[in-house]
Amino acid sequence: MIRTPRVWTIVLGVGALIGLFFASMSTYDFVMHLDRQVHDVHCSFVPGAGPGGGESGCQVTMVSSYSSLFRTSVWGGVPISLPAMAVFAFLLAFAVELTLTDRQDDVRSSGFAALATGVPALTSIIMAYISLAKLDAVCKMCIGIYFASALCLVGGVGLFIRAWRNQREQEPEPEGRGTETAPILLKKKAKPESADEPERPADPAWVSASGSDDDDESARAPSPKLEERPTPKPKPSPPSRRPSAVAWSYLAIAFGVGVLFVAVPMIGYVSAAPKHERFIGTCGALSQQDTSDLTIALDSNTGEPPVIEVLDPLCPACLGFERRLDATGLTARMNRKALLFPLDDTCNWMVDSAIHPGACVVSSAMMCAGDRGRDVLAWSFSHQQEIMKATKADPTAAQRMVLAKFPDLEKCISSPVTKAKLARSLRWAVSNKLPVMTPQLYVGKVKLCEEDVDLGLDYMLSRMLSAHKKGTLRATSTDGETSTPPPVAEPDRGPDTKTTTKKPTSKPATTKPGTDESNKLDYKKQLDEARKLDGAKPDNAKQPDETKPPDTAKTPDPVKKPVAPPAKPKSKAAAPDAPKPPAAKPTPKPTPPAGAAPKGGTP
Amino acid sequence: MITALRVGVLSVCLAFPAVATTTWIRSAGHRLERQLQAEKTPATQDVAVAAAANEQYCTVQLKRILRRVLRSCGLIGSGSAGGTTARGCHPVDAKSVATMSGSDFNALFLPMKSRGGIIQFEQGKSALDDADRALVDKVFGEQRGASYFFMVARSSPEGSVKTNRRLSKERAEGLMAHLKQRFSDPDLEKKVGLLWLGEEFAQLDKSFCEWKRSGPADNCKPKDINRSAFVAWIDCRL
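Protein chains in written order, with the numbering used here: chain A, 1 to 603; chain B, 1001 to 1238.
Same shape as in the complex, but just chain B:
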């Protein structure tokens, strides 16, 4: 009787850890298999995936324009992305791809006021001074989630159209060269949209004087503010 009791107690105590654990393990295994089966069917993704910024101002219309401009300017589309095609948009290109008036074109950029800046040049010059470099650096450094950096250079109406085209192009390219040298960003070519508009398209009005500018505060007559390059990150996903 006692022997049987001893054997019984011993067996129960010996079996309990093994049996209990094995049972729990099997249960976990079954749950695992059930979940694997369940996950073979579409389910919702719970964790956010890293994505570029896409702010509210990125309307369908703005995106359409951006796409055209970026494609024409060599950033996206065939032959782009690596900068293999000619970069930058000429005034005529800009007009044609934007298919809108200059004021409407400028209005597209108004939501970027807090993200942008206006680099003001001296008359007839395309060289950057310290204030210009500081502002473009500051604006470019605040990329955050933006995918595209726009640099839209202009010139004031003084002088010939041809000279102003060349001048605005030099201003845009001067900025680009500075960014390349300063930031050593291997993806720069894929990010920067370059436009030079000369005096022919989308001249800035006085409302842009309220933007961050590199020029003196009182130096904001229409001719002053158009001897410039508008720079801004655009937080739109295309």
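For reference, chain A alone in the conformation it holds in the complex:
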């Protein structure tokens, strides 16, 4: 007979159902990205209400290193929302089980349920802390899961407390506390006097469970025999009305099933995940690696594989990338150097406007600072928004702020030698035909694909570093053919790298006055996308003629160019600062920054 669920069981079941729904949506969003494209993520308290905007923290949390497990073993890792799905599914199943077997008043069973709900509750607390304290982002889907976890916890604990109280109420009164109850106890405990009255078994809960009304009636019904018998010494014995606790083995099996709930989907995920290792080396390579005095050392891990980070000190995408890189724990395996590529038209002719106002000044300061270059970088990363905002209002603000912090750099910052050096840094990008975007990372000469700068960072970077150490890292095509780096050539148009394959969504191109028609650039939404990823504010990029500068961008800052031959078969859109399209429509993953249009173009 199917029993009626208790209120707390309903609370538990509803919480599990809500949690399952939110966790499923989160997992779905995560898994969507396994195609190496950019997708909008759902970010609403109403699951399925539609893709959320980049302003939410859902994207930030999703690409953070805390969003998944085993990131170096599986591309992107196994989303943490997957075990959450499994746990909520288990809680749902267990709530139904308690109802069907009428174990809702069983202390052990309800206690087990309460403990099980502690798993998502505890995880939610930890994740909420990480989200607020480390990522500074609030994810609506996550909040949905936190709420569901809380609901489950309330249901589970409520169920347990109710069962426990019931048990207490049904326990025998302490000895000597009167004889009034003795008859009842005796009645229950008394052995059948005849063979016709069999002894009641201390059954498994799912068979008899807590007393039914019938039981109550029978328990309260006066026994003629009892009245006839004297009651000298009431025996302390368990109340017969109290349901027998389930066997520990039952709970052990339940625990095992719970583990199975988590293990099965995770194993399935790992075995079904697409193999992304084949993309290593398919996104281009440097033709010249010698950066002589142009780079700034980011660490001193000599002996480790040389890694060049092409970055802009005021690029939010670069900041986000840096954080993700730190979180991988792989920085100790790299000898990193920064190659400055400020997306600011005061020094960079490849952009039409100051995507990151003040970036040229800060870059100059880094060059002037010598060994303290990383200190300047760290300072600029922590003051990005305020530097850009101030410089937008007053073009001299960046220099003022830099000098207030590093007064000894005053003479150097605006010297012709520094300007020339910064120009050489940008010319190095020209020589290597780099995409106009930040950040970019090269292990040795081989580029880390833009599709791999967030979710797949741990997986791909660790493999690239290992391959470099083994001497097997080289540029290839997706077919596995080894390709040679693009030849050094006069600055023409350059194919190359995967950035080219990224399909920016829909940003208008801009042309800088005074340039060839071919120099028109299609600035992207990539800036927005990148910004989404990093949770930073959008940058402004001027878009001549028709468009408005992109507003928000968080990840890489690329600049798109309309006409150019695709060099590599790769599909992701720029990653750095670019926006994402609606979930339903996968768009190429952009990593580059946002909207600045490179000038230049075809020769």
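Okay, the calculated bits of chain A under chain B, using three or more residues with CB under 8 angstroms as the criterion:
1) 15-29
2) 82-95
3) 258-267
4) 272-283
5) 419-426
Source of the hints: derived by calculation from the structure; they are not laboratory data.
We put the beta carbon where it would ideally sit given N, CA and C, even for glycine.
Put chain B on the given structure of chain A with help from the hints.
For chain B alone, coordinates are given in the frame of chain A:
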């Protein structure tokens, strides 16, 4: 009945996460494969690639002249680029490679007014003073996306042709030496086009007095402005 229900609920709940996730993963995998196939066909490149500047004034005619001059002056073409061949163009070379009148030759540089400067020397001298160095440093430091730096030295008509050839050459080489010492740019030889025209070709007229100059403001008679070296970055891609 209840047992069947329990088993059913358990199975559904157990299967849902695994089945749903596996389905989504497969779908992502298929999309990935489709995109890889699609990208094997030519497509448009979305992200701009870093390139040198190529301003509007870089007309076909200007580029043609630049190519000739640069080739003759040892910057591009066979044997160039490393500076292995003799650097710099003699007045006669300049005339022959430009194949145009002096005024037309000068007119090519007019669009570079904002990017250039005129280093003025004292009569008969090729040494740089502080103002000269400051101006050439400033102009050279503003390279931005330009690929070539032109230094065109001249001399005023006083004195013999031979002396003026030598003098203009010394002025050009003096500037080059300064740049090498000041900027330590390993690619300098590939960037700088050096011409010395003596008094024989393309003398500057008074219109160049409006350019940034290192000499006194009132020191701009034709003879003053031709005791000089014209320096400018050229934002043209060849």
